[in-house]
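J.: Top to bottom, those sequences are chains A and B. Residues 1 to 327 (full-length UniProt numbering) are what the first sequence spells out, left to right. Residues 1 to 520 (full-length UniProt numbering) are what the second sequence spells out, left to right.
The hints are simulated quantities; they were obtained by calculation from the structure and are not laboratory data. A portion of the hints provided could be inaccurate.
To be verified - Label-pair distances were calculated between CB atoms; the ranges are:
1) A:Pro124 to B:Ala211: 31 to 37 Å
2) A:Asp80 to B:Pro140: 25 to 31 Å
3) B:Arg172 to A:His189: 56 to 62 Å
4) B:Arg473 to A:Pro44: 37 to 43 Å
5) A:Asp185 to B:Gly270: 50 to 56 Å
No residue lacks a Cβ here, since even glycine has one placed at the ideal position from N, Cα and C.
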Amino acid sequence: MTAAPPGPAGASPWRSWAARRLLLGLAQTAAVVLLVFVLTEALPGDAAVALAGDDPDPARIAAIREALHLDRPAHERLADWTTGLLHGDLGVSLASGRPVTSALADGFGPTLLLAALTVTLLVPLGVGLGVLGARREGGPVDRAVSSLTLAVYAVPEFAFGVLLVTVFALRLGWLPPTAVGYGTDLLAHPAVLVLPVLVLLARPVCSLSRLVRAGMIDALAAPYTAQARRYGVSGARVRYAHALPNAVAPAAQQLARTVDWLLSGVIVVEALFVVPGLGTVLMDAVAARDVPVVQGLAVVFGLVAVVLNLAADLVARRFAPRSGVAA
Amino acid sequence: MHDYPGLHRRGFLAATGGAAAALTLAGCGGGPALKSGKDQGGKPRRGGRLRAAFAGGGAAETLDPHLSNLFVDAARAKALFDKLADYGSDMSARPRLATRWEPNSGLDRWTVTLREAVFHDGKPVTAEDVLYSYRRIADPKKAYRAKASLEPVDLAESRAVDARTVEFRLKRPTAEFPNVLAAFGAYIVPKGTERFDKPVGSGPFRFVSFAPGRSAVFRRNDAYWEGAPHLDEIEFVVAGEESARVNALLGGQVEYAHELNPTTARAHEGKGQVEIVRLRNSAMQGFAMKTDRAPFDDPQVREAFFLIADRAELVKGALSGAGEVGNDLFGKGYTHYAAGLPQRTQDLDRARHLLKRAGAEDLRVTLDTSPVAAGFVEAAGIFRDQAEKAGVTIEVKTGNKDSYWKDILDSGTLSSYRSGAMPIESHISQRLLTDSTTNATHWRHKDFDALYQRLQSTKNTSERNALYERMQRRLHAEGGFLVWGFADWIVGTARRVRGVAGDAPANTLDWARFDTVWLA
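One chain only, chain B, in its complex shape (with noise of 0.2 Å):
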């Protein structure tokens, strides 16, 4: 009798919003284009409040750092709490908390140094607090989602030397272990913390008020040990909608709109109203072919799919042109990527070629994909139209979203694929070795997980890099994910907004940070 009449009208909201964002731009004046970023001089200015739009998650949204899962919980997380290492640009792991880290000979036991900080009630942060973080991440009956990045330390055994000094034991060698420090959701909290209500940090804003689905006020920390933010106030409100989240900046209501469409990127780029800042390299876009099953068990096929793909046009129509061409490796931009391998680039010749002694002429393959992550559909459209010319079939099936992630793991051949960005060797970590917990290509291989356990064993940098080098080459010539694209992350600001930074890939340190930002 009764039916939710806005299911369906959300989604077909969802569907036209590039057709919103067009006539949202009738209302727009021209005028001369001032550029974002870093580079726009000006002496910071103290005070003002800025409101920044972010997508949000309703009642689900949380202010417990180790629960972060979206993208508004992880501003806010960064906000209130800090890591003891975050990434930089180029995803190395740079000291936040922590000083100094120091490895002992065998790479398994490293001395964490903390710097002189205060939580936002005054006490100190210390050894403890790191330990008590952890160890309630790794909680076994729990699902923190850091859980798996702390895997290789040993907490039962890592103590305090002293207040400001960690030892941390690990299971096995890691030459990477700063990028375990840096994990997404590895947060410090005070010691014995459980509630999050009325949290306790130590960064650069304290809690004032947060309602979930709704609206976060912080305000500055003026303790702050990196020094206080330019800010006064910090609101965070949330808008689902694209269009919502641009009409509130256009309108004046926010000053900072998170995750913008390309085309409405486009439309405003250079016309004076709002400023656009693109986060290069900010996510992966590509294809994870399940290298353990038919047809894609064959690495003649993998390497003929990796040529059926025309990249620049799946950039140009599955990103309108935001973004850039991968070469099927994670990575781009980041440190120890293999950039000195040749771009592959479409033939479809040597496709036929390859399909042909494969004995896979005339292949017919189910593409799964799912509205879940922008450009998703539209990739798998173009690509099956590229598979086409080189004589395979590609039916596009279209998942559901709420649980796409979940049915790709393990089902199916083929599969629509993106990630965040987060340093090679957590790529590896988690999505290429036998024992990874989201091994979306079935990618298993002894030799490989055996050079991943040199690599985490290797102290020397240069011989590290040699390894990388080795891992990629091996990926880039066979392996399960034909990596097309890196979309650039889309952020808008009010004209006055200075500091934001503009070479900043989502989940990095200076992504959606607020303590350098400042109202002109």
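For reference, chain A alone in the conformation it holds in the complex (with noise of 0.2 Å):
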């Protein structure tokens, strides 16, 4: 690395951590591939039987199965589309014929607005209501917080997105119920973006909110921050430019978790507000026992995963740089 110009102090045992993190995480989505492409094939019936349905003919079972060249061995399969996958070629749908690529592209567009969406809301929210509960810690505020996400936390998304579609929806009438008939294209229709948001919004921000209160109180009560007010630092300063950041190192964790919850597309959301995201795509394939697609969402998935605890690792490491994040 002569081409490298000399950095500051630091920078190289920085990169050398980021590039065993990526390495580390290739090596991870690998093993998801593999590890998906056996579960895929240690599942009873294959696509063929899938397809077949209540119709089992045998000589039918058969015939679909040679057309989809599922009749080759399982590894040979595997190398292919490992072989394919190394010039970015994902291969074909065994249930529809199209391009898996397509299949995700068509399906990546609503999850990524509901995602994008909800994590927009969700870090203001989120934040703004942790440090408001550590600041009045103990009083009324932040018992009425407390309990409100400890309740709301509780609530699984199904039973809480029914409730909202019943309130909202049916009763009053002031949002659509489902997002049946709008196609991908949502953003041209934010009212069925409402309720699904507000649903994918509701735990994450109850969990959000309690690390960043939490962290907060631990660093408010630590002896640099007493020591930092007997220097006579305001405490404004005190709370926001010393105790949050300490809180904002689990809270990035969280947040990496979160997004990738949402970028895998929150399957019961989806189906309760019928749109027609990644969740929808997996669900789909899994039934289908399309193995293209569900191989490829592995790798998009897992691609993802990999990337966003790399980017919160780098964010704890400059928030909080002695919490020593592991590579």
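Using the hints, build the complex out of the two chains.
T.: See below:
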């Protein structure tokens, strides 16, 4: 690496840390892909059986199997698929005969939109509620926020979704109950997004705000903040410049997990509101034993998880270097 | 490191569909009910767009009518294409693109006359199109669903006599040949068609757009041979979860919701917000006993199992009352059904006696089931409890739903079974002959096969009816299907939807038929 300009002290270990993290991430993704292939092979029945459905005429199943090249040995199919992957080709869906990339692209739009909206609202809401609670620790506001977040956190998505639909869509008629018939262009119909985003927000806001609150309270009680106060640093500065960053480290990792969860398609929300996102693609693909699509999704989800966790670790290192993030 | 967090949740959501529906109920007011169906008068009004919600299959959905597998595929195929014949509500074949069919005296050569009809591109429907379509379906290298139904036809020898006359040569006498013309998926496409991304058919609606797993929009075909539809447009939308279909219907996002749960139907029936249409006799519900292996190779054990079933309790418990009891025969309400046989009822004493005589006291049986169809798992549990009263221990084994039908075809001894509507003759030929491809009860009897051949070679209708009766009498006495009920197929519609047929079992001509529907 002679071409690399000499960086400031500390840049080099940082860079090797990031490289190691990336390599580890790629290895993890490869492992996920392999595992997914083995697991889908282990499922009873293949795409031919699933396609034949309630008409399991053996000759018909054999014909489907031949047409889909499922009669070839598993390792050959895996090798073919991996070769394609290295060229950026995810293969062809067994169920529809269309490229896997187009199935993923179709589902990615709605999922990304929901995830982006949710995160945009989640960060200010979660951090704001957490800071509010920490500032008034033990007070009525803190107790109200704490009990509310705990209560909402305990409600599963589908129950919360059904409740919201019943009240706001069916009873009051303010919002559409599902995204049925709007296609993938959901942004053109913001009203259909309100309820799904609310359901997606509910639990992450609770977990995030509780983490921020706990982190800040810890930091505010730590000797170094007391020392800072003794030096005459203002209360606001102690809170936002010293205590908050300490709370950000665990919150960033929680946020990464949340974004990962959102980007993997939150199946229960997609099903309830008929949003044709990645979760729906995954469900259909597993039901149809559409191995190329399942594998394509595994690659995408694996990469997303790796990148997000890497980003979260970077943020954590930046804000709280002492928390010692392992590579 | 990464798992799929939602996989279990979907299962959970499906399992709690009833609870979701009950919660939804809270938002509904009362009001007088209007009965939907054909009896509801009023002059059809032209215009408007109807949105119909069906369960779907994502990317696997297709507009190729010969590949139709899902209900939504079949409903769309029906809107775009025609068959030569289709089933009436009693599953007898009714002429569609064919106006007449005439057999020779040997019943192995049928002359079919086509009506004057045109495809959406203006070209007439000809005998060549019919032969092309059937040959495409029968392609030995492909796996089109209607292939097995077309098996009796010798397509190489069949020919077009003139533009509107087809002469079908059959491999053997087939008195019920019109059933073949009406077979599920036997649609007529223009000669040479291989791709269906912009399908051209002869059906009541023309193609506008299609996004698999989401929506399909079709427009009225003014040149339709049976008269133009009342609607301007029909849009098929896909919503996999039943609760989503109900919510979309209640919220006014769709006007027609296919395949609702009995609990949902009960919650909304007569409440005035939506109409509930029950399509009777849509799905046979039962258990399949493998008649070629212990313990069911002994007819006494089979009869004992017939007598164990409390059919009313099964209908009430597994179908939430949305159906009627069965009599161990397929096809209640259909033409040729042996309605004269006495209704079997539970008789535990006699069941015990039969089991004792068969040397099968303290019998233990595994019952294979799966959540592949509504009510399967519930029915299995109820039947287990009923069997216990006769001293039979049933162990219920829940299998994978994606491969269930294949799994139970040749393995196990006792399994949950269902069947959609089809003619009784098709039920026999597909499931109860020695060479049947889906013979789940392993019912293989040369004399029974011979009766079927005789039936297909009998031109006289009353003689044929006598043969139907004889075959069903035998199945009723010692067959492998314990048919305990027939489930309603439940459809919900908005109040302004008119002309939805109430007497059309799923898969018949009037089921999911939108050219006769209008918006008031």
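J.: Compare the structure with each hint and give your call.
T.: Here is how each hint holds up against the structure:
For proline 124 of chain A paired with alanine 211 of chain B, a C-beta distance near 35 Å keeps the hint of 31 to 37 Å intact. Here the CB-CB span from aspartate 80 of chain A to proline 140 of chain B is close to 26 Å, well matched to the stated 25 to 31 Å. Our hint of 56 to 62 Å for arginine 172 of chain B and histidine 189 of chain A holds, since their Cβ atoms are close to 58 Å apart. Roughly 38 Å separates the CB atoms of arginine 473 of chain B and proline 44 of chain A, a value that falls within the hinted 37 to 43 Å.
The beta-carbon spacing between aspartate 185 of chain A and glycine 270 of chain B, approximately 38 Å, falls outside the hinted interval of 50 to 56 Å.
Consistency with the previously given hints fails for number 5 only.
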